Amino acid sequence: MSALVFDWSLAAAQVLLALAMGCATLRMLRGPRAQDRVLALDAFYVNGMLLLLTFGIRTGSMLYFDAALLIALLGFVGTAAFAKFLMRGEVIE
Amino acid sequence: MTPLSAMPDWVMLVTAALVLFGAAITLIGSLGLLRLGDFYSRVHAPTLGTTLGTGTILLASVVWFSAAQTRPVVHEVLIAVFMVVTTPVTLLLLVRAAFFRDH
Numbered sequence: 003m004s005a006l007v008f009d010w011s012l013a014a015a016q017v018l019l020a021l022a023m024g025c026a027t028l029r030m031l032r033g034p035r036a037q038d039r040v041l042a043l044d045a046f047y048v049n050g051m052l053l054l055l056t057f058g059i060r061t062g063s064m065l066y067f068d069a070a071l072l073i074a075l076l077g078f079v080g081t082a083a084f085a086k087f088l089m090r091g092e093v094i095e
Numbered sequence: 012m013t014p015l016s017a018m019p020d021w022v023m024l025v026t027a028a029l030v031l032f033g034a035a036i037t038l039i040g041s042l043g044l045l046r047l048g049d050f051y052s053r054v055h056a057p058t059l060g061t062t063l064g065t066g067t068i069l070l071a072s073v074v075w076f077s078a079a080q081t082r083p084v085v086h087e088v089l090i091a092v093f094m095v096v097t098t099p100v101t102l103l104l105l106v107r108a109a110f111f112r113d114h
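In order, the protein sequence lines correspond to chains G and H. What the first sequence shows, in our numbering, is residues 3 to 95, in sequence order. What the second sequence shows, in our numbering, is residues 12 to 114, in sequence order.
Simulated from the structure, these hints should not be mistaken for laboratory data. One or more of the hints may lead you astray.
[Unchecked claim] Only part of the chain H face toward chain G is listed, based on derived beta-carbon distances under 8 Å:
no., residue
1, LEU24
2, THR37
3, PRO57
4, HIS86
5, THR101
6, ALA108
[Said to hold, decoys possible] Footprint (simulated), chain H over chain G, 3 or more residues, beta carbon under 8 Å:
no., region
7, 6–13
8, 39–53
9, 64–78
Note that this is a predicted model, so its numbers are computed, not measured. Where is the CB? At the ideal position from N, CA and C, for every residue including glycine.
Okay, chain H solo, but in the shape it has when bound (with noise of 0.2 Å):
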C-alpha cells in the first residue's frame, strides 16, 4: 500500500477531479428531487446521481485503489453493474404503482 506523500501528483490530482464532479452531479439530482413539481417529473432527477454520479466516483475509486496498490483493482465494476441493472427496474416498478394509485 502507497502512502499518500508517495501517491503520484496525476493519480490524485484524477481522483480528486472525478470525486468533486460525481459529489456535484449527485447534488444538483437530488436538489431537483426537492425542487421539481409532481412525481412524474421528480422521478427523473435523482437518475443523475445513480449513473453519472456513481460512475465517476467509481471510476476514482478504480484509479486510486490501483495506484494504491500497484495492481489494477476492478471489483468496483460490480457496484456499477449492479446499479445499472436495478435502477431502470426499480423505478418502473415504483412509476407502475404510482399510476396505478393515480387512475
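For reference, chain G alone in the conformation it holds in the complex (with noise of 0.2 Å):
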C-alpha cells in the first residue's frame, strides 16, 4: 500500500517539476527582456536539478545526485556570467 502511494506521489512529484520547467521555457520565450531571459533559464537549471534529484530517490541510485551537483554548479557560474554581461557588456574584462 504505501509502496503504492510512494510510486504514485513520486511520480506526480515528477510531472509538477516538468511543469515547472515548461512554465521557465515560456518565460524564457516570451520574456520581454534579456534579463527575464536570464532568470528563467537560472530557474529552469533549478527544476532541473530537482526533477535529477526525484529521479535519484525513484530509482536508488546515487548517480543522479552528482549530476545534479554540476547542474547547480554550472546553473550558478551560466547565470553569473550573463549577469556580468549584462552590466558591462563583456564577461571577462
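Got two chains here, each in a separate frame; can you build the complex from them with the hints?
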C-alpha cells in the first residue's frame, strides 16, 4: 500500500517539476527583456536539478546526485556570467 | 541496499510527502515567474523553488538514502549549502544589471 503511495507521489512530483520547467521555458521564450530570459534560465536549471534528485530517489541510484551537483554549479556560473555580460557588455575584462 | 519492498512504511510516506510538497512549491514559484507583472516582482517568485523546494526534496533524499543504506547519508548538504550561498549572489548581480539597464 505505502509502496503504491510512494510510487504515485514520486510520479506526480515529477509531473509537477516538469510543468515548472515548462513555465520557465515559456518565460524564457516570451520574456520581454534579456534579464527575464536569464532569470528564467536560472529557474530552469534549478527545476532540472530537482527533477534529477527525484529521479535519483525513485531509482535508488546515487549517480543522479553527482549530476544534480554539477547542474547547480554550472547554473551558478552561467547566471553570474550572464549578469556580468548584461552589466558591462563583456564577460571577462 | 534495502529493496523497495523491505523499506519501512514511515520512510516511504515521509519521503513521498516531502518530495510532493517540494515539487508543488517549486511549481508555484515557476507559475509566479510566468504570471507576475514586471521583472522586479518576477525575481522573487523562483526563489520559492530554490529555498523551500530544494530544501524539502534534499531532506527527502537524505531520509530515503539513509534508510536504504542503513547509515547516515548526508552528502545532500553539499547542494543545500551551495544553493543557499549562491542564489542571493546571482540574483543580486542580475537585479543590479537590470537596474543598470533600466536607468
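> Tell me, which hint numbers fail for this structure?
Replying inline: The structure conflicts with no hint, since it agrees with every one listed earlier.
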